[in-house]
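Trainee: As a plain string of letters, each chain reads:
Number of protein chains: 2
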Amino acid sequence: METTVSSVTQEVFIGDHRPTVLIGERINPTGKKRLSAALKSGDMEIVRDVALGQVAAGADILDVNVVAPGVDEVALLPRVVKVVMESVQVPLSIDINNPKALEESLKIYQGKPIVNSVTGEEGSLNTILPLVKEYGAVVIGLAIDEGGIPKDPEKRVDIAHKIMERAEAFGIPREDIIIDCLALTVGADDKAALATLEAISKVKTELGVNQTLGSSNISFGLPDRHVINHAFLALAIEAGVTCPTVDAAKVRQAILATDLILGRDRFAQRYIRDYSQRGKHSN
Amino acid sequence: METTVSSVTQEVFIGDHRPTVLIGERINPTGKKRLSAALKSGDMEIVRDVALGQVAAGADILDVNVVAPGVDEVALLPRVVKVVMESVQVPLSIDINNPKALEESLKIYQGKPIVNSVTGEEGSLNTILPLVKEYGAVVIGLAIDEGGIPKDPEKRVDIAHKIMERAEAFGIPREDIIIDCLALTVGADDKAALATLEAISKVKTELGVNQTLGSSNISFGLPDRHVINHAFLALAIEAGVTCPTVDAAKVRQAILATDLILGRDRFAQRYIRDYSQRGKHSN
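Which chain is which? The protein sequence lines are A and B, in order. Numbering of the first sequence is given in our numbering, commencing with residue 1 and proceeding in unit increments. Numbering of the second sequence is given in our numbering, commencing with residue 1 and proceeding in unit increments.
Incorrect hints may have been included.
Since copy identity is lost for identical chains, a pair holds within one copy or between any two.
Stated by the list, open to error - With a cut-off of at most 27 Å between alpha-carbon atoms, the simulated DSSO-like pairs for lysine-lysine come out as follows: (1) 133 - 32; (2) 32 - 82; (3) 162 - 133; (4) 162 - 82; (5) 33 - 250; (6) 191 - 204; (7) 40 - 100; (8) 204 - 100; (9) 202 - 191; (10) 100 - 155; (11) 151 - 32; (12) 33 - 133; (13) 40 - 202; (14) 155 - 32; (15) 191 - 162; (16) 112 - 204; (17) 204 - 40; (18) 100 - 250; (19) 82 - 204; (20) 191 - 100; (21) 250 - 155; (22) 151 - 133; (23) 162 - 112.
Calculated from the structure, these hints are not laboratory results. Small disclaimer: the values here were computed from a predicted structure and weren't measured.
Construct the entire structure; sequences and hints are all you get.
Mentor: Here it is in structure tokens:
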């Protein structure tokens with residue numbers, strides 16, 4: 001199955017036998033004091049720098065999130081989306097659960113964005129999906145519902161099925177849905193990564209849709225997190241993740257290596273080109 | 001299936017749901033001038049150092065290879081095996097295709113070693129397997145025969161079946177056979193890694209035996225080889241490799257991270273212990 005997202009100048013194709021698409025996660029104030037303060041004061045320079053840095057580091061799509069205490073999302077999100085659209089050419093993923101802020105951002109977005117995200121909760125399904133349909137966006141469906149993130153992989157797959165059915169009932173085509181099976185911390189539960197990998201495999205087999213994953217949670221609280229994140233990403237991509245949400249500067253090379261191993265990089269061209277351009281990347 | 005190898009003081013268990021066992025590959029003169037010269041002159045100090053270094057870096061078993069131009073394997077291999085046995089406590093893998101040198105080494109080995117290796121060639125099957133049986137060793141069967149390493153994963157699996165059948169006909173129990181599906185260079189053929197991973201999966205499903213893999217070949221000729229090797233190892237372990245042949249100092253941490261992801265490291269104890277002991281490792 002192939003998903004297409006676009007900006008006004010670029011189309012990005014996400015699919016099973018294509019190179020992995022990187023969704024850059026860094027435009028997000030969580031845990032970032034400078035970005036957080038800049039967003040609150042309306043200073044857009046840092047946002048622009050982060051956006052440019054992620055694209056230079058290999059992000060194919062940028063996630064845009066402004067949620068922080070004291071931020072007026074409805075006013076700020078469309079403004080940040082506009083600044084990022086003016087700064088970089090890649091398509092965007094609009095990361096918000098406030099329907100009003102989402103709609104204001106969708107109104108000004110040029111192209112076909114990702115909406116990040118809808119969950120299996122009734123409130124989310126009924127407010128987010130109509131907007132996704134109306135604006136012809138792609139939507140990320142999170143394997144979480146009123147009961148939280150199920151430990152059991154089967155139950156996450158059930159939520160994915162439910163989101164698919166509801167989205168299709170709203171007239172959203174199957175290829176415009178991306179599932180996120182979600183990763184819990186392996187330091188807290190040593191079967192957590194395995195549960196996520198199992199859910200990803202099942203979603204691939206049963207639904208065949210594209211999948212993202214915010215993978216860095218997996219190593220929370222553990223030392224040398226990048227070593228764990230890299231191993232997890234390799235296994236998650238093999239299991240079915242086609243567009244992980246990542247810090248491109250930190251994991252780009254590991255992802256390119258995984259694509260190479262999985263036969264998705266003809267003559268190793270992409271891996272070698274990335275190596276020769278290393279000086280231009282921000283890692 | 002569980003394979004046991006031993007030295008006079010240690011037993012090492014290789015199995016599907018256990019932590020991955022590392023076979024240290026560094027006692028091998030190929031490409032190592034100093035070690036090569038030392039072996040030729042009978043100087044055993046470097047051998048001892050390499051052996052100690054690999055064990056400190058986390059090798060669970062050491063591969064011992066002395067093959068180099070101008071080396072008398074029959075005289076030298078048993079001598080080196082003896083020195084390594086006296087230097088470290090871990091079990092050994094005797095790496096030779098000369099039956100006489102193998103037998104002389106098996107005669108003096110204390111415990112249950114690995115014999116590395118037998119191939120699918122008639123000459124190899126008929127000379128190596130009787131020695132494996134006679135000395136009660138474990139044997140590594142390489143997926144190669146008179147025609148070389150088949151590109152087609154199915155054909156490698158066929159060779160593995162053939163080796164299994166022949167070994168069992170000699171009275172060697174199934175758990176004493178370890179298969180190596182072999183890795184070719186991904187820089188020369190971008191489907192090479194995928195073929196190996198497919199062969200590993202099939203051997204796991206069809207034969208269920210333990211598997212090793214000399215994984216560093218995969219990245220030959222490419223830059224930043226460790227990034228490719230780490231991704232490949234993660235995928236190979238997930239596919240069914242239980243005792244890869246590696247430079248322990250270079251890949252130990254990536255392997256521990258993979259075990260952690262795959263739910264084989266309860267409470268992340270092994271990963272965290274390794275991190276806190278980092279100063280003692282030679283990487």
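Trainee: With reference to the structure, classify each hint as holding or not holding.
Mentor: Each hint, compared with the structure:
{"no.": "1", "hint": "133 - 32", "result": "neither (33 Å within a copy, 63 Å between copies)"}
{"no.": "2", "hint": "32 - 82", "result": "within (21 Å within a copy, 58 Å between copies)"}
{"no.": "3", "hint": "162 - 133", "result": "within (17 Å within a copy, 57 Å between copies)"}
{"no.": "4", "hint": "162 - 82", "result": "neither (33 Å within a copy, 64 Å between copies)"}
{"no.": "5", "hint": "33 - 250", "result": "within (20 Å within a copy, 36 Å between copies)"}
{"no.": "6", "hint": "191 - 204", "result": "both (20 Å within a copy, 22 Å between copies)"}
{"no.": "7", "hint": "40 - 100", "result": "within (19 Å within a copy, 78 Å between copies)"}
{"no.": "8", "hint": "204 - 100", "result": "neither (32 Å within a copy, 52 Å between copies)"}
{"no.": "9", "hint": "202 - 191", "result": "both (17 Å within a copy, 25 Å between copies)"}
{"no.": "10", "hint": "100 - 155", "result": "neither (30 Å within a copy, 59 Å between copies)"}
{"no.": "11", "hint": "151 - 32", "result": "neither (29 Å within a copy, 50 Å between copies)"}
{"no.": "12", "hint": "33 - 133", "result": "neither (35 Å within a copy, 67 Å between copies)"}
{"no.": "13", "hint": "40 - 202", "result": "neither (42 Å within a copy, 56 Å between copies)"}
{"no.": "14", "hint": "155 - 32", "result": "neither (33 Å within a copy, 53 Å between copies)"}
{"no.": "15", "hint": "191 - 162", "result": "within (25 Å within a copy, 37 Å between copies)"}
{"no.": "16", "hint": "112 - 204", "result": "within (24 Å within a copy, 44 Å between copies)"}
{"no.": "17", "hint": "204 - 40", "result": "neither (40 Å within a copy, 55 Å between copies)"}
{"no.": "18", "hint": "100 - 250", "result": "neither (33 Å within a copy, 51 Å between copies)"}
{"no.": "19", "hint": "82 - 204", "result": "neither (34 Å within a copy, 52 Å between copies)"}
{"no.": "20", "hint": "191 - 100", "result": "neither (38 Å within a copy, 48 Å between copies)"}
{"no.": "21", "hint": "250 - 155", "result": "neither (31 Å within a copy, 39 Å between copies)"}
{"no.": "22", "hint": "151 - 133", "result": "neither (31 Å within a copy, 47 Å between copies)"}
{"no.": "23", "hint": "162 - 112", "result": "within (24 Å within a copy, 55 Å between copies)"}
Hint compliance for this structure: hints 1, 4, 8, 10, 11, 12, 13, 14, 17, 18, 19, 20, 21 and 22 are not met, and every other hint is.
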